[in-house]
Structure formats: C-alpha cells, structure tokens
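S.K.: Sequence lines, in order, name chains A and B. This note's numbering applies: residue 1 is where the first sequence begins, and numbers increase by one. This note's numbering applies: residue 154 is where the second sequence begins, and numbers increase by one.
Derived from the structure by calculation, the hints contain no laboratory data. In this text the structure is predicted, and so the values were computed from the model without any measurement. Any given hint could turn out to be false.
Here are the simulated lysine-lysine pairs, DSS-like style, with alpha carbons at most 27 Å apart [claimed, not checked]:
| # | chain 1 | residue 1 | chain 2 | residue 2 |
| --- | --- | --- | --- | --- |
| 1 | A | K150 | B | K193 |
| 2 | B | K193 | B | K165 |
| 3 | B | K225 | A | K150 |
| 4 | B | K178 | B | K214 |
| 5 | A | K150 | B | K198 |
FRET-style restraints, in silico, Cβ to Cβ [to be verified]:
| # | chain 1 | residue 1 | chain 2 | residue 2 | range |
| --- | --- | --- | --- | --- | --- |
| 6 | B | P395 | A | S73 | 53 to 63 Å |
| 7 | B | N420 | A | T131 | 54 to 64 Å |
| 8 | A | F59 | B | V411 | 48 to 58 Å |
| 9 | B | P243 | A | S54 | 32 to 42 Å |
| 10 | A | E64 | B | Y422 | 18 to 28 Å |
| 11 | B | V194 | A | K150 | 43 to 53 Å |
| 12 | B | R373 | A | Q95 | 26 to 36 Å |
| 13 | B | P276 | A | R69 | 19 to 29 Å |
| 14 | B | Y307 | A | E132 | 25 to 35 Å |
| 15 | B | P260 | A | E64 | 22 to 32 Å |
| 16 | B | P276 | A | Q95 | 42 to 52 Å |
Beta carbons are placed, not taken as given, at the ideal position from N, Cα and C, and that holds for glycine.
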Amino acid sequence: MKRDRFKLWDTEGEGPIETGLLSGMNPMEIIDTYLANRNSILKLLRIYYRKSPSEVSSFLGISEKDLERMEKSNELIPHQLAPKIARLFNVDLKQLLIFLGLANASLLSSGGTSEKLPLPIAAQYSGPELTEQEKIDLEELFNMILEQTKKRT
Amino acid sequence: MVPLYTYSDQNKNRIRELANQLRSKHGAMRWGITPEDLLKVEGVKCHEYDLSEEGFFKKLKRGIVNIAKKVKAALFVPEKLVVVDFDLHPAKKPFGKMHELGHNTIPEHRDILYVCSEHDLDPNVRIAMEFEANLFASEALYPGPLMRSIHTNYPLAMETILHLSELSGGSIHSSAIKYVETSDEVCALLTLEKSEEEGTDGLKLRTQIPSTPFFKKYKRIFADGQFISREHNLASVVFANPADEIIKTEITIRNRNVHFNVHLFYNRYIVLALVLE
C-alpha cells in the first residue's frame, strides 16, 4: 500500500488530493482546483486500484484508445459507462456521477437540493429545466403521491 | 463494445434491441400487448394519480400545484412504481408508460436513477437519457419485427396508420411517425395545425418526417414552419371536411415540378398528412 501511495505521489493525483483534504476542501473542490481535467479521476482510480488500461477498457467494453482519450479529456464521459466504472472500482455511484460532472455538484453542498431531494425519480414533464425550488416542490408532490399510492395498495 | 455516443446508430440499435428482448422474453412479440401488461410481468406497479381528487389540492402549496400541472408520468426506481397523471390525454398514456418502463429496463438508467433524481443530472445527461427512454418506448410500442409485417401486408395508406394505432394502442400521431420512419417506400409525414396568419385561415407546418427513400429522392418539400393558406388545395379540403375522416387529395410542388398523393386526417388537435408518390 505504501509503495502504491508513493507511486500515486508521482502521478497527477494523490498529492493534491491529500493537500486538499487537509485544507478542508470537498472532493469536488479538490478536483476543480488541482486536477488538469475532470476525467483525471478515472486515471486516479485506475492507478489506485492497480488496474492496467487493458483490464479497465476490457471491463468497460471500450478500446484502450477510447479509454486513454476519455482520461485525458475534459468532456463528459458517456453516462452509459458510469455504473460499470463504479462497479469496477467499488466506489459509490452517486459520488462518481458528481465527480465526473454527470450529476450536479450542488448535491454535495449543504445549500444544494440533495438534502431536500432524497427521492430518486425519473419524471416526464413539459417545459424547460426546473429551478431548484421547482425541484423541491416536485419532490414534495411525489412524496405525497407515493404516500397516497402506498395507502391504496 | 459499449457505444460511446448516445445518438450513434450503434447505441440506438442497442436500445431498440433491449425493447424487443423485453417483449420476446415474455412471449409478447405480438399486437394486443399493453404497456400495463409489460409493466406487470416486469414487476413494476403502475398507478394513475388524480390531483383533482377531493382533498389532494387542499394540501398542496401553490408552487406544487404549478409543477404538478407540468408532470406527465414518473418512475420511482427503488419502489418499482410508475405513476401517471390521470388527466394526461388517453392517447399519450401508453407512450408515457413505455417511456418509464424504458428507464427501468435500460441497465444504466436503472442504476443511475436508483441513486439520484433525474433532475440532479447534468442537463445534457438528462436529455440523452430522455432520448433513450423515448426510443425504447417507440420500439416497445411498435416492435421492429411487427412493423415489418405491417409494411409487407398492408398498403401504404392512412387507413394502415389508423389500423396500426388500434393494433399497438399507441396514438394515431405516434403510429404515423413510426410508420413513416420504418417505411422502405417513398413517403413523408407532415404534421400541421389549424392556424391564422394576417387574418387568413390555413395550416401551419409543425414537423415533416420523410422516410429514408423519400429523403434520398426529395430531401424536404416544405419550408419549416411554412403557412399553407386556405386557398391551397391541401388546406381547403381539411376545412371543407369533418374531423376524424380520411381525406385523399393531390398536390403539386410547382417549383420542383413534382406531384404527390396526400392522405389527410384531422383528429381535432392536429392534421396529419401522409405524402406519397
């Protein structure tokens, strides 16, 4: 483990992560402040869990070239891959979605909607993106519908 | 290989295959299977909620009432529960239910929506997932193998679209879209709405969907948003005939010197025009 940690110090991630944590930053702030791009987290996980690029790419069902391109890119990785990445590295999917920018960073902050929005839902609605208040209202509505539905069944 | 782009043919085919696999594994590759049947065999409960029920609105704050009006259907992944707005137009309910079943069936949707709300996702991810769930719903309602038999056994006509709507349980509009999208014939679907411009009645073009052979041959025949005044043959027959009847007419696109047969159907909301050679 110690050897791994030294190995990681030599890469782009471990040092900044430790420094960030010691100075009280949350993981999103560390990534935003220190990492060259958002998808560096993929490379960090791969190195930390001692997986070769071929092992990772084969598990994800993509080519090594695509993996390398994704690790170096700052573009969103395809959401289709996120659950597989979480399984491969045994990390929390919700955290991973946030780190990769696939879910809103506000989920991590106390002022965000995450604490008020614990209900995972997929709702079809008409209109533009919802405001934070609308999301909270929607959550409240669905909690009531869920309660009512449970009473009936 | 995992498709890397949501809108790639590879990914679209993967989603269609998931929809067909779902029907096949339950022995449901035939017409007459409803979304409720598929939800049931997948162990997903389905309820319609009625906000007009006595007592419901009394408890709701104004903000919730406003958002409630916008919501059509929802899936609660951990509870395996689909809820649909009671007031949603009956023609739209089957697609809405299949859409939610899509979120529950596409593996990464189920995983992601198990841990977070769709509204906490990056807008581009949400749009991509909505696209995939719509694609799933379209294929689950109109499976490829069954559509092929429709094209083989029935004539290219508005009557076939109405029959397809009855067979599938889908709306006439969504049946017409799927019919043209999957057709190997030269045909196109125009969706128009009754409108008024500068004091003149007419039809306004909302969408035009060409079949692949039509697009190869003609590209698009109307300009997006084009207004067709009542004097034009296409509009005059719609205004002169009652709703819910098939009207057959002809049009000539003079600047391109082409002539088409058109089958029209006005369902009191929109006008569908099936354009064929």
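S.K.: All hints, please: hold or fail.
M.R.: To see whether the hints hold, each was checked on the structure:
no. : hint                        : in the structure
1   : A/K150 - B/K193             : holds, 17 Å
2   : B/K193 - B/K165             : holds, 25 Å
3   : B/K225 - A/K150             : holds, 20 Å
4   : B/K178 - B/K214             : violated, 44 Å
5   : A/K150 - B/K198             : holds, 11 Å
6   : B/P395 - A/S73: 53 to 63 Å  : holds, 58 Å
7   : B/N420 - A/T131: 54 to 64 Å : violated, 35 Å
8   : A/F59 - B/V411: 48 to 58 Å  : holds, 54 Å
9   : B/P243 - A/S54: 32 to 42 Å  : violated, 53 Å
10  : A/E64 - B/Y422: 18 to 28 Å  : violated, 52 Å
11  : B/V194 - A/K150: 43 to 53 Å : violated, 22 Å
12  : B/R373 - A/Q95: 26 to 36 Å  : violated, 47 Å
13  : B/P276 - A/R69: 19 to 29 Å  : holds, 23 Å
14  : B/Y307 - A/E132: 25 to 35 Å : violated, 50 Å
15  : B/P260 - A/E64: 22 to 32 Å  : holds, 23 Å
16  : B/P276 - A/Q95: 42 to 52 Å  : violated, 20 Å
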